[in-house]
Every structure is written in structure tokens, then in C-alpha cells.
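J.: Letter by letter, the chains look like this.
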Amino acid sequence: MKVLIPSALRSYTEQQVWVEAAGDCLGEVLDDLDRQYPGIRFRMVDEQSRIRRHIRMFAGGEQLAGLDAPLTGTTELLVVQALSGG
Amino acid sequence: MTQTPSERSLLVATRKGAWMLREGGGGDGWAVDGPHFLGHVISHLMLDPRDGRTLLAAARTGHLGPTVFRSEDGGRHWQEASRPPAFAAAEGGEGRAVDQVFWLTPGLASEPGRWLAGTSPQGLFESLDGGDTWSPFSIVNDDTDYRRWMGTVQDGTPDGPKLHSILIDPRDPAHLIFAMSGGGVHESTDGGAHFTPMLDGLEVVEGFDVADPTFHDPHCVRRCPSNPDRLYQQNHCGIYRLDQPGRRWQRIGRAMPSEVGDVGFPLVVHPRDDNCAWVFPMDASSVWPSTSPGGRPAVYGTRDGGESWQRLDGGLPASQAWWTVKRQAMAADAGDPVALSFGTTSGELWLSDDEGAHWRCIARHLPEIYAVEFASTGTGVAA
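One line per chain: the protein sequences are A and B, in this order.
Going by our numbering, the first residue of the first sequence is number 118, and it counts up by one from there.
Going by our numbering, the first residue of the second sequence is number 3, and it counts up by one from there.
It is worth saying that the hints were derived from the structure and are not from the lab.
Predicted model, so just to flag it, every value in this text is computed and none were measured.
There's no promise every hint is true.
[What the hints assert, rightly or not] Here are the simulated distance ranges between beta carbons:
1) B:Ser228 - A:Val134: 54 to 60 angstroms
2) B:Arg305 - A:Asp148: 57 to 63 angstroms
3) A:Asp148 - B:Ala92: 17 to 23 angstroms
4) A:Phe175 - B:Leu40: 26 to 32 angstroms
5) A:Val134 - B:Ala336: 47 to 53 angstroms
6) A:Arg170 - B:Ile141: 25 to 31 angstroms
7) A:Glu131 - B:Leu40: 16 to 22 angstroms
8) A:Asp141 - B:Asp214: 46 to 52 angstroms
9) A:Gln180 - B:His367: 36 to 42 angstroms
10) B:Pro114 - A:Asp148: 32 to 38 angstroms
11) A:Val134 - B:Asp275: 55 to 61 angstroms
12) B:Ser287 - A:Gly178: 52 to 58 angstroms
[Claimed, not checked] Under 10 angstroms between C-beta atoms, here's a sample of chain A residues computed to sit facing chain B:
13) Ser128
14) Phe159
15) Gly183
16) Gln198
The beta carbon of each residue, even a glycine, is placed where N, CA and C say it ideally should be.
Modelling step: build the complete structure from the supplied sequences, incorporating the hints.
T.: Next comes the structure, spelled out in C-alpha cells:
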């Protein structure tokens, strides 16, 4: 599937906005991303496998609640970084 | 690149990135190199004194997870740690997660590649490969007592409870000390297999149990290079000195002027004189403005182990300067005379070449300064 990378993480993807990754659930897709772009997963997901506070993931117009969210048949995953604060 | 012994560098970590200042250029005699990591929160930027060229930066952004960046060429190129500090995964995802890497301590000369790091929330981590991969270190992160003493995020400082002031005894790498805000000061003599609170003589906020480490808030602890048995501490409740193997801290801040008080965040020590230390007092009255008392900033120094203190404000603003200097934002070099530097939360970097007697501003308009470190003379830090 295609994965939309937010600007803050494009240093890992050589500034590519869209990249390809595979997996049947969110956790597998993020693992595949990390294989291709080492370090990117830990910036989005903490060591307890929780999606970090200002990161949101969307597929098919729905926000994904956790790493076990199924993505079978999904063609696009949107990773969104909330920008806030001074 | 060649540096003469007279060249110095200052490493400045801020809320919005890192800067390095090199003596010998610019309008104030210091050339500014940066920003590095613009937009990242940099809690600490440290040079490895063992090789004089490796830099580690403790980084996060406001919206991404924490990490450590590493440079082997004095900051020209940076690489992210392949395994940043992280707590062990817990069943059910209920465990703690590192929010920021806060403090970096290089190992001894006899331990090439070793670093220790303190985090928020309180955690202790070790790298044995120059900061590339990190693992939980010692019993502290998961010990039942220590977890209780660490409290929760509700109990810590406004931007998160922290483990800091990691001190390795230069005579014995198994002799370790660290401090937690909150959670007290702790010592190990067996390389971290066991730690013991060292609280005797320290005060806590009135009404709380002085015997419970939870209520202790050390802001900064330093060991004297010239006498490793002597420790100084700036605490939420005063300035203290401890001469080991003694166990009881003495509140040397009692000798500070009463209108100034003895509360602040940073404390630095002289490289060769264990009777000499400097602090940057703040207003700790009422709601804790944490600004210079009376809007008149000053460093205070002692040359007799805390028996007396001298106000050192030559060149600093005489009024209406409401500065805050954080616990890592003051440093002393190894020169003779000793140079001192501090950075303010309003983004000014000040330098004294004469042990605090006279001050000059060498950079302003920086973001909120979190940490200041001198890079040893003759090292490879340069742009």
C-alpha cells in the first residue's frame, strides 16, 4: 500500500511524501516501514507499542486506534502529525 | 582542522535546536555555528572528552518520540542512534515510555564507548558503543522501591520528572551517583546492582516526610574533579555539600544573603579547587517565579566550601532582568582562570573569563536555553 509520510518524518524517507509498505495490520506496515527506513517506527510508536500522543493514522477515512487495526485490502495509509504548541 | 589551545567551544542545547559557538570569530569574538536540528528539543549536547570529536545530542520534537543523535566529526554530520533509550516492554502495554532523553554522561577514560543517559520519566540507560545502541541500565528502572519513589508525572517538574546528575567516580567506575527530580540522590558502589538513597541532612518542603525519597528534589549534583570525595548539590530546598565517606549533607546555602536565598537550578564546581563552586540563585518565594531575585541577576560563588558566598554580577544587568537559568545551563571550563558560562531561558548566552567577576553576553536571541557545556580546549569541535 501507499503510505503518506508527514513532513516531520521525511528525513527518514529521503523526503519522499509517499512510500510503499506492506502488511495485514498497522503494526506490520509500521514494521515494514522501519525495515526500509530504520528508526522511523520509534518516532511514531513508543516502546509499549502505543501510538505516540500527536501521531494519528488513517485508512479508508477511519482513524486507526492501535497496531492491531486490520489493513487487509487497504491501498492507502495516512500518517498524520498534529502540529501544535509554541 | 587545527585548533590552538586558546580556542574554546560552547555547546548550547535549546528548546528549538542546538548551536555551537567557537572562539575566534564573530562580533563578540565568538562565531556561531547552527542551528543543528532546528525545531527539535535538544536537552543536552555533550562532547566525548575521551576522543575530543564525538558529540551526542539528546533530541526529540514536540510531536515525535525521543532519540539520540551522534556525530563523529565535531558536528559536521549526524547519525541517529540505531536503538535509542527505551524502557523494557511490559505486558499489556502498561509500561512506561521514554518521553525525552534528558542527561548524557560520558564514561571514564578507561571505558571507551561507554555513556550513561538519564531520561524523563526517570530512567537510567547505558550505551557501550559510543551512543549508537542503548539498553536499560542497573536495577533502577524496574525496582519496586525506585518506581514508587519516582512518583508519577503529576509529581515531577513541569515538563516531566527527570533522572539527572549521573556521576561516575573517576577512581572507580562501579561507584555511581544519580539524582531524580523528584526522587532524591542515590549511590551505588557495585556498578548499579544496588543503589542506596543518600538523603541525610537534606530538607524537604515543610509538611512532607524527610525520610521518603519521593519528596526530595535535587536540582543538580556535582562531584569535584580535584577531590572526588566532595559533592555539591543545588536542591529545591537549599545548597548542600557532602564530604564522603561522610553521609550527612551540610546546608552551606545558609550562608547566602537572606534576601537572595539558596534556591536555584544549576551548580558548577572548580576543576582544581574543591572549595570553589558557583550557583545561580532564583526567586523561590510564593508561587516560585524561578527568576533572578529582584530582577537583578547574579552568580554567587564560594571559595571556602560554602562558609561564605560572594555576589558576582559585574557586567550583568543591574535591574529589570527576570532571568531563569536551568540546571544544565551553566558550565565551567578547565582553564586558568576558569571560564564560566550560563544560558537563560530568554535565549542569552553569557561568559566570564575570570571565574565570574566580569560577564559579557556572547549570543542573544537564541531559543530557550536548556544546556550549556564547554568543549575541552584542543578538541575537534568546529564547523
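J.: Confirm or reject each hint.
T.: Against the structure, the hints:
1. B:Ser228 - A:Val134: 54 to 60 angstroms: Since Ser228 of chain B and Val134 of chain A have Cβ atoms about 56 angstroms apart, the given range 54 to 60 angstroms holds.
2. B:Arg305 - A:Asp148: 57 to 63 angstroms: For Arg305 of chain B and Asp148 of chain A the Cβ distance comes to about 59 angstroms; the hint holds.
3. A:Asp148 - B:Ala92: 17 to 23 angstroms: holds (19 angstroms)
4. A:Phe175 - B:Leu40: 26 to 32 angstroms: holds (28 angstroms)
5. A:Val134 - B:Ala336: 47 to 53 angstroms: holds (48 angstroms)
6. A:Arg170 - B:Ile141: 25 to 31 angstroms: holds (29 angstroms)
7. A:Glu131 - B:Leu40: 16 to 22 angstroms: holds (19 angstroms)
8. A:Asp141 - B:Asp214: 46 to 52 angstroms: Taking Cβ atoms as reference, Asp141 of chain A and Asp214 of chain B lie about 49 angstroms apart, which means the hint holds.
9. A:Gln180 - B:His367: 36 to 42 angstroms: holds (40 angstroms)
10. B:Pro114 - A:Asp148: 32 to 38 angstroms: holds (34 angstroms)
11. A:Val134 - B:Asp275: 55 to 61 angstroms: About 57 angstroms separates the Cβ atoms of Val134 of chain A and Asp275 of chain B, which means 55 to 61 angstroms holds.
12. B:Ser287 - A:Gly178: 52 to 58 angstroms: holds (54 angstroms)
13. Ser128: At about 9 angstroms, which falls below the 10 angstroms cut-off, the nearest Cβ of chain B leaves the hint on Ser128 of chain A intact, so it holds.
14. Phe159: holds (5 angstroms)
15. Gly183: holds (9 angstroms)
16. Gln198: holds (5 angstroms)
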